[in-house]
Amino acid sequence: MDDLYREIIIERYKDPLYRGVLEPNDISFEDENPLCGDHIRIDLRVDENARVIEAAFSGHGCAISQASADLLLESIIGKTLDEVKQLNKQDVLDLLGIELGPVRLKCALLPLKVVKAGVYGLGEASDSLVEE
Amino acid sequence: MNTTTAERLDLIQIREDFPILKREIAPGIPLVYLDSTATSQKPLAVIRAMNDYYERSNANIHRGVHTLAEEATAQYEAAREKIARFIGARKSCEVVFVRNTTEAINLVAFSWGRKFLQRGDRVLLTEMEHHSNLVPWQILAQEKGLELDFIPVTENGLLDLDEFQRLLGQKPKIVAVTQMSNVLGTINPVKQIAQLAHQAGAVVLVDGAQSVPHLPVNVEDLEADFLAFSAHKMLGPTGIGALFGKEELLEAMPPFLGGGDMIKKVHLRSFSANELPHKFEAGTPAIAEAIGFGAAIDYLSRIGMERVAAHEREIIHYALEALSEIDGLTVFGPPADQKGAVASFTMRGVHPHDVSQILDSQGIAVRAGHHCAMPLHEKFGLPATTRASFYLYNTHQEVDQLVRGLAKVKKIFG
Numbered sequence: 001m002d003d004l005y006r007e008i009i010i011e012r013y014k015d016p017l018y019r020g021v022l023e024p025n026d027i028s029f030e031d032e033n034p035l036c037g038d039h040i041r042i043d044l045r046v047d048e049n050a051r052v053i054e055a056a057f058s059g060h061g062c063a064i065s066q067a068s069a070d071l072l073l074e075s076i077i078g079k080t081l082d083e084v085k086q087l088n089k090q091d092v093l094d095l096l097g098i099e100l101g102p103v104r105l106k107c108a109l110l111p112l113k114v115v116k117a118g119v120y121g122l123g124e125a126s127d128s129l130v131e132e
Numbered sequence: 133m134n135t136t137t138a139e140r141l142d143l144i145q146i147r148e149d150f151p152i153l154k155r156e157i158a159p160g161i162p163l164v165y166l167d168s169t170a171t172s173q174k175p176l177a178v179i180r181a182m183n184d185y186y187e188r189s190n191a192n193i194h195r196g197v198h199t200l201a202e203e204a205t206a207q208y209e210a211a212r213e214k215i216a217r218f219i220g221a222r223k224s225c226e227v228v229f230v231r232n233t234t235e236a237i238n239l240v241a242f243s244w245g246r247k248f249l250q251r252g253d254r255v256l257l258t259e260m261e262h263h264s265n266l267v268p269w270q271i272l273a274q275e276k277g278l279e280l281d282f283i284p285v286t287e288n289g290l291l292d293l294d295e296f297q298r299l300l301g302q303k304p305k306i307v308a309v310t311q312m313s314n315v316l317g318t319i320n321p322v323k324q325i326a327q328l329a330h331q332a333g334a335v336v337l338v339d340g341a342q343s344v345p346h347l348p349v350n351v352e353d354l355e356a357d358f359l360a361f362s363a364h365k366m367l368g369p370t371g372i373g374a375l376f377g378k379e380e381l382l383e384a385m386p387p388f389l390g391g392g393d394m395i396k397k398v399h400l401r402s403f404s405a406n407e408l409p410h411k412f413e414a415g416t417p418a419i420a421e422a423i424g425f426g427a428a429i430d431y432l433s434r435i436g437m438e439r440v441a442a443h444e445r446e447i448i449h450y451a452l453e454a455l456s457e458i459d460g461l462t463v464f465g466p467p468a469d470q471k472g473a474v475a476s477f478t479m480r481g482v483h484p485h486d487v488s489q490i491l492d493s494q495g496i497a498v499r500a501g502h503h504c505a506m507p508l509h510e511k512f513g514l515p516a517t518t519r520a521s522f523y524l525y526n527t528h529q530e531v532d533q534l535v536r537g538l539a540k541v542k543k544i545f546g
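Those protein sequence lines, which keep their order, are chains A and B. If you're matching positions, the first sequence starts at 1 in my numbering and goes up one per residue. If you're matching positions, the second sequence starts at 133 in my numbering and goes up one per residue.
FYI, nobody ran anything at the bench for these hints, they're computed from the structure. Be a bit skeptical, because a hint or two may be false.
[To be verified] Partner residues are not named here, just some residues of chain B that face chain A (Cβ under 8 Å, in silico):
1) 485
2) 497
3) 501
4) 532
5) 545
We put the beta carbon where it would ideally sit given N, CA and C, even for glycine.
Work the whole structure out from these sequences, hints included.
See below:
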């Protein structure tokens with residue numbers, strides 16, 4: 001279990017690289033995990049080819065959700081929105097490099113859920129966005 | 133309030149009674165269960181009572197005249213009587229079996245409330261209520277156009293009784309209040325609240341989900357009109373709880389759910405309701421669970437609620453003192469002598485989920501989140517807290533383990 005708190009997770013939690021707010025932005029979405037109250041907002045700027053050029057997250061949450069947001073945003077910069085739509089649960093777990101039980105999985109997947117709901121332009125984020 | 137050694141609980145014996153407490157979470161890492169506020173562990177006596185019922189007496193109740201049906205009915209009704217005695221109800225027909233505290237409160241809202249509340253009537257709650265004592269009233273308020281008012285919680289986690297007196301001036305029809313907060317641990321002066329509420333002409337519902345398992349509670353003494361509580365937080369099984377209601381109130385209320393057992397006569401277009409308490413128990417109930425509930429009451433009665441409460445007072449004093457020495461840790465709620473054995477806290481720079489996960493790796497089970505009290509967390513500006521809670525089987529050594537576990541959290545998050 002101590003693997004859960006790998007150095008990279010603690011590092012990104014304490015000193016995230018993509019924390020902040022982008023105003024104006026092209027895509028902005030926020031959601032929360034009602035179980036734990038974690039709240040994440042993600043802002044994206046995209047270029048004329050629908051490629052992500054800037055990304056930032058804000059809100060509050062546990063080390064897993066915050067590190068997941070930071071690593072996810074890092075990974076999507078340079079990707080097209082169509083490529084972002086293809087991202088899934090396993091991509092997030094690969095970024096984090098850990099395995100998670102069902103409860104903490106929700107923390108890890110919240111950022112991806114928020115990103116995808118934003119990219120798809122949905123009214124609300126649903127779990128089906130991040131299922132395999 | 134002091135306990136002499138002779139009156140102290142025999143922790144070794146008590147822990148023997150709970151098979152799960154011998155469990156290891158990983159090889160060499162014993163379980164330290166500090167989440168009894170969410171649900172308590174169950175003694176062998178409860179597990180056996182339910183098994184025995186299934187192995188020997190399983191049958192549906194209140195129908196059929198065969199031996200098993202008689203035995204099942206007798207055991208089910210005996211459980212009701214035990215519960216009635218345990219809370220000092222005058223009659224066992226004042227105890228209605230429900231699924232849990234939540235259902236008990238819903239029953240009052242949708243039976244009593246639908247009949248006796250009208251547009252513009254006021255319902256007085258508190259800011260420290262569990263969602264189960266908020267949402268049913270919100271639903272009813274929407275349906276009927278009621279006004280909800282809330283007794284504020286002060287900085288130190290107590291109810292603002294001056295404000296309560298002022299709100300009583302608006303003549304609420306019902307005051308529904310928790311006797312013990314599941315987050316702050318605050319023990320509210322429910323008797324005083326009930327007396328004042330009654331003088332103002334209101335009916336009083338007490339949410340006893342946390343108090344009945346941990347304190348001696350007597351409905352006559354409290355002057356409660358309704359008292360709601362769950363078995364699973366007091367050593368019993370899940371799926372069963374009780375609503376106490378004063379006979380005259382229950383009599384005046386319409387049925388809650390319709391179906392079998394709650395009727396006297398049924399025609400194609402009409403029915404007449406059964407007598408108390410069966411009027412409120414539609415359908416086949418949780419029979420084994422009711423019997424398990426009865427066994428839990430037997431267990432607690434044998435030990436004595438005064439002694440349970442005294443043990444928990446000692447543990448929470450010890451725990452709050454130990455936690456106060458941890459730098460960066462904040463415990464919410466009133467001082468130890470005004471609360472039950474619940475410590476909700478935050479650690480600077482570490483999310484409650486992470487605290488809880490790292491404690492789990494050391495076998496320590498605590499709860500992280502908003503504990504079904506989002507408005508209270510909002511009030512204190514917290515998305516979540518970590519909560520350690522204690523019961524009659526918890527030891528001082530377990531508090532020490534918690535403190536050591538928190539040291540490890542600090543080390544990981546440095």
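Against the structure, the hints:
1. Contact between residue 485 of chain B and chain A, as hinted, is supported at the beta carbon level, the nearest pair being about 4 Å apart and thus within 8 Å.
2. With 8 Å as the threshold, the beta carbon of residue 497 of chain B stays out of range of chain A, its nearest partner Cβ sitting at about 13 Å, so the hint is violated.
3. Interface hint status for residue 501 of chain B: upheld, as the beta-carbon distance to the closest one in chain A is roughly 5 Å, under 8 Å.
4. Here the hint on residue 532 of chain B is broken, as its CB sits about 21 Å from the closest CB of chain A, past 8 Å.
5. For residue 545 of chain B, the interface hint holds, the least distance from its beta-carbon to any beta-carbon of chain A being 7 Å, beneath 8 Å.
In summary, the numbered hints that this structure violates are 2, 4.
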